[in-house]
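Undergrad: Sequence lines, in order, name chains A and B. For the first sequence, counting from 1, position 86 maps to 86 in this note's numbering; every step adds exactly one. For the second sequence, counting from 1, position 15 maps to 15 in this note's numbering; every step adds exactly one.
The set of hints was computed from the structure by calculation and includes no laboratory data. Be aware that a few hints might be false.
Unchecked claim - Anything over 12 Å on all C-beta distances counts as not near chain A; from chain B, calculated:
| no. | residue |
| --- | --- |
| 1 | Asp9 |
| 2 | Arg42 |
| 3 | Val45 |
| 4 | Glu49 |
| 5 | Gln70 |
| 6 | Asp73 |
| 7 | Asn80 |
| 8 | Gln84 |
Stated by the list, open to error - Residues on chain B that point at chain A, a partial pick, calculated with CB under 10 Å:
| no. | residue |
| --- | --- |
| 9 | Arg26 |
| 10 | Ala38 |
| 11 | Ser56 |
| 12 | Gly58 |
| 13 | Val88 |
To be verified - Covered by chain B, per the in silico footprint, the following chain A stretches (three or more residues, Cβ under 8 Å):
| no. | segment |
| --- | --- |
| 14 | 42-49 |
| 15 | 103-116 |
The structure displayed is predicted, hence computed values, not measured ones. Ideal Cβ placement from N, Cα and C applies to all residues, glycine included.
Residue-level listing of the chains:
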Amino acid sequence: MKTKAVNEVTLEFPSQSRNESFARSAAACFAAQMDPTLNELEDIKTAVSEAVTNAIVHAYPDSIGKVRLKIRACPGNVLELIIKDHGRGIPDVDKARQPMYTTGGQERSGMGFTIMESFMDKVLVRSTVGRGTTVILKKKLASRVQASK
Amino acid sequence: MEIRSKSADRNLLLELCGELDHHGARSALRELEMALDAALPRKLVLDLENITFMDSSGIALILRAQQRMQLLDGSLLVRNIPPQARRVLDAAGVSRLVTIK
Ligand SMILES: Nc1ncnc2c1ncn2[C@@H]1O[C@H](COP(=O)(O)OP(=O)(O)OP(=O)(O)O)[C@@H](O)[C@H]1O
Ligand SMILES: [Mg+2]
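Chain A on its own, in the form it takes in the complex (with noise of 0.2 Å):
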């Protein structure tokens, strides 16, 4: 079940590699009403990296597309970031998981999604071939408030 946001934006933007910066400031941007760290907001400004580049290389490898970036404050302080594409999707998520998989030749090293799972609490991917991908990130951010306490 989706849980209710407090506040969230919704983003979309062709899938040009310039827009991987405006991509990562935007989710920060939108995090530091949360009161997070200096690290939590690298952590987030990484993952979304990720996710927005991969949308960017993989999904759409010949052509420009649909990319989306929602990002929503949930209850409890946690953040959720949820990207979005229309792409040529993965046959096997599972494995595209796996640490050093790659289909990127020798400009990816195949790390995009362990570097994603070691920064956020969780990442969930759908996807479906031909149709495009889904992935989610959730990130519980201890305000800098609690964490004085």
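Starting from the known structure of chain A, arrange chain B with the ligands on it as the hints suggest.
TA: Same frame as chain A, now just chain B with the ligands:
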């Protein structure tokens, strides 16, 4: 993304500046290959002090540099890694594969 290169006595120093993501790494990878071809160094130092953000695209670049230096029978040192980039390298297990200062 910008790369400043200094070369002397077959020692090559590359200072990377800016955001080392997929967008930035494309040109950085090209410049790395060109600088290596020109200098054929024995020792390559990648200085990351001025990297403001890095993701897995940076890992591919560092591993490529490592591979090229192995082919040249030389060595690679990655130094001045900012905390965010360091966490990315640690998460990917790259800190164990590459010499870091
Ligand atoms: N949105 C997507 N659409 C289609 N395929 C994808 C998508 N995301 C990931 N993949 C597939 O999953 C593989 C693993 O992704 P992962 O991010 O872990 O590594 P990578 O992108 O290949 O390399 P890196 O992230 O280290 O640069 C990719 O090589 C690709 O085959
Ligand atoms: Mg990736």
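Undergrad: All hints are to be evaluated individually against the structure, with a verdict given for each.
TA: Okay, the hints, checked on the actual structure:
The Cβ of Asp9/B lies farther than 12 Å from every Cβ of chain A, with a closest approach of about 29 Å, so its non-interface assignment holds. Non-interface call for Arg42/B relative to chain A: holds, since the shortest CB-CB distance, roughly 23 Å, exceeds 12 Å. Under the 12 Å C-beta cut-off, the non-interface status given to Val45/B relative to chain A holds; the minimum distance is some 21 Å. Look at Glu49/B: its CB is around 17 Å from the nearest CB on chain A, clear of 12 Å, so calling it non-interface holds up.
Annotated as non-interface, Gln70/B keeps its C-beta farther than 12 Å from every C-beta of chain A; the closest such distance is 14 Å. With a closest Cβ-Cβ approach of about 20 Å to chain A, Asp73/B is found to remain outside the 12 Å limit, as its non-interface label requires. Every C-beta of chain A lies more than 12 Å from that of Asn80/B, the closest at about 17 Å, which supports listing it as non-interface. Distance check for Gln84/B against chain A: the nearest CB is about 4 Å away, which does not clear 12 Å, and the non-interface claim fails.
For Arg26/B, the suggested interface contact is upheld, since its CB lies about 7 Å from the closest CB of chain A, less than 10 Å. Below 10 Å, beta-carbon pairs count as interface contacts, and Ala38/B has none with chain A, the closest being about 20 Å; its hint is therefore violated. Using the Cβ-Cβ criterion of 10 Å, the hint placing Ser56/B at the interface with chain A is satisfied: the shortest such distance is roughly 5 Å. At about 9 Å, the closest approach between the beta carbon of Gly58/B and any beta carbon in chain A falls short of 10 Å, and the interface hint on this residue holds.
Interface restraint check for Val88/B: the shortest CB-CB distance to chain A comes to about 6 Å, inside 10 Å, so the restraint holds. Counting residues of the segment 42-49 of chain A whose CB falls under 8 Å from any CB of chain B gives 5; the rule of at least 3 is met. Counting residues of the segment 103-116 of chain A whose C-beta lies closer than 8 Å to any C-beta of chain B gives 8; at least three are required, and the coverage claim holds.
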